[in-house]
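Q: What follows is the residue order along each chain.
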Amino acid sequence: MKTFNGKILFLDRADINTDEIIPARYLTEITKEALQPHLLDDLVLDGFTPPLDVEINSVIVTRANFGCGSSREHAPWALEVNNMNIVIAESFARIFKQNMFNCGMMAVELDAADIDRLFNKFSGKETTLTTDMEKKEFLFSCEGEDERLTFAISEFDQALVKAGGWVGYANDNY
Amino acid sequence: MGKTIAEKIFDSHLVDNPFGDIHVIRLDAVFCHEITTPVAINDLAERGLDKVFDPEKIKAVIDHVTPAKDSKTAMQGKILRDWADRNSIRDFFDIGKNGVCHAIFPEKGFVRPGYSLIMGDSHTCTHGAFGAFAAGVGTTDLEVGILKGVCAFHYPESIKIEIKGKLPEGVYAKDVILTIIGRLGVNGATNKVIEFCGEVVDSMSMEARMTLCNMAIEAGGTCGICAPDMTTVDYLWNFISDEFGSKEEALEKYSEFTADEDATYTDTLIIDANELVPVTTFGFKPDQVKPISEMTGEKVDQVYIGSCTNGRIEDLRVAAQILKGRKIKEGLRGIVSPASPAIYSNALDEGIIKIFMEAGFCVTNPTCGACLGMSNGVLAEGEICASTTNRNFNGRMGKGGTVHLMSPASAAATALNGLITNSELYRKGDK
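Heads up: the sequence lines are chains D and B, in that order.
Residue numbering for the first sequence follows our numbering, starting at 1 and increasing by one per position.
Residue numbering for the second sequence follows our numbering, starting at 1001 and increasing by one per position.
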């Protein structure tokens, strides 16, 4: 099972699409590793400074409908090879969310009010996430300030995270 | 309790219900292209599982970058080609026979009412036009589909969109779906199937229904879907005449996959077609939609007519009617890409290609290329393209470029004028 801890990159915009996460010009790559330098290449956003923000962080916290658009699993792969195994958002596009869990990664939804509070409290500060899979609890910490939030994840998604993805699960079960 | 079309398809394809509302369903077809399949092929080989669940049910095409533009795209094509060969996948479409996946696969009769199918391509929702459940998926779902012939989904909820009345002249399926996306928003249909119905859909050709369903994903929808009817049967007849004694018999069978009167929808939207106007997009999201009349005068550098949304023969005919005997604006680049060899060939026979060429268009082979900024018409920084494609994301057709989505009629008029233009100007015969 992957780990879901680390420093947080806050992306303060809804509807960040998979073309912004990994542009189509890099879809000619046939290894996941080759995507590593190109994560979020076309994202233009105040407060986001590539490549540093990508290098130092392992978690993304963002707004609604993250991962909309193209079905390219290159988006989760580009995150994975940059050591980012978890995205926390108000909501996700269906295919992106499924792709994340299919890779044994996590795409977790929190209420808009909770996401708002996280942005208000922690955005722009060095904040760390610690995920407790047993308790289904996130611990956000920054300079002694903590915030604990429980999260929901479906049984199926949990099984995929444990199995390390859908291929392993499906090959065992079907 | 009554069922929607998607619910009927799910209930007839159930393999397993492992958790909650997760339904693992049997797939009638798995479609593949050279961008999202090679990683699945390599991963299966690494796992010692280089096999397919049923070579007859897997269809593959090289369409995104074709002919190959460099060594990397050549390798993607080679991986798909070699895999199709060693796994006896007969329906593999290589250069000379290849076209945009969502144009060529329906044309070959690979989609039937009641089918469930997946592809590693978000615009797979196009095939719902045939009364099928067709969903775009990532490479891992595709990989499991190839290996096991199954895919897992949440049990589908549906939104019903009824389009009443009659489309005014100059308003096409593209204007209808852009208007709908404008109302729903880019995540208004997330995790839902959009069932299209009403007089306008009933009178639409299969081509127009495919345009409608193609962009369901731009509202976040899992699939767009239209109930099968005699138009569907007519389109498929060459492929199904052996199975049925008559078209009526086929229709009766396929009617199994129409929604029940008392089916439950999470939402119903009624659109009055009489009030619709030609529209285009502004900004970088497909729900940012305005009447063309409010955008006229925006200068464009390139006009692109093609793609899985609007590269079919009907689209080319409409554009050619407007272009006939006219020249595109000096300095503007016009590109047309018929979406399949059959469409290209029909357009040649009908004199459409000549009209495009005489107007000053470049005619390319069938490919997805320019739509996602991979080849055959990539924009330079700061350039603007009026396009019949499906996404106006920032940089979609080239880093720093801007895209305005519109119908082939509006795109043709825009090419003539060099500015975003309503096709009305040219339909009235004014030059």
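Any given hint might turn out to be false.
To be verified - Reference listing, derived: stretches of chain B covered by chain D, where coverage requires no fewer than 3 residues with Cβ under 8 Å from a Cβ of chain D:
#1 1018 to 1030
#2 1037 to 1046
#3 1063 to 1074
#4 1155 to 1162
#5 1403 to 1417
As the list claims (entries may be wrong) - Using 27 Å as the maximum straight-line C-alpha spacing, the simulated DSSO-like pairs for lysine-lysine come out as follows:
#6 D:K32 - B:K1160
#7 B:K1008 - D:K32
#8 D:K32 - B:K1399
As the list claims (entries may be wrong) - So the derived label-pair ranges between C-beta atoms look like this:
#9 D:N5 - B:K1069: 49 to 57 Å
#10 D:T3 - B:E1162: 32 to 40 Å
#11 D:N173 - B:R1090: 24 to 32 Å
#12 B:K1354 - D:D46: 47 to 55 Å
#13 D:R117 - B:L1425: 48 to 56 Å
#14 B:Y1155 - D:D146: 36 to 44 Å
#15 B:Y1155 - D:E126: 39 to 47 Å
These aren't lab readings, by the way, just hints derived from the structure by calculation.
Every residue, glycine too, gets a C-beta built ideally from N, C-alpha and C.
Q: Please go over all the hints and tell whether each is borne out by the structure.
A: Consistency of the hints with the structure:
no. : hint                         : result
1   : 1018 to 1030                 : holds (count 5)
2   : 1037 to 1046                 : holds (count 4)
3   : 1063 to 1074                 : holds (count 5)
4   : 1155 to 1162                 : violated (count 0)
5   : 1403 to 1417                 : violated (count 0)
6   : D:K32 - B:K1160              : 39 Å, violated
7   : B:K1008 - D:K32              : 38 Å, violated
8   : D:K32 - B:K1399              : 22 Å, holds
9   : D:N5 - B:K1069: 49 to 57 Å   : 41 Å, violated
10  : D:T3 - B:E1162: 32 to 40 Å   : 49 Å, violated
11  : D:N173 - B:R1090: 24 to 32 Å : 29 Å, holds
12  : B:K1354 - D:D46: 47 to 55 Å  : 50 Å, holds
13  : D:R117 - B:L1425: 48 to 56 Å : 53 Å, holds
14  : B:Y1155 - D:D146: 36 to 44 Å : 38 Å, holds
15  : B:Y1155 - D:E126: 39 to 47 Å : 42 Å, holds
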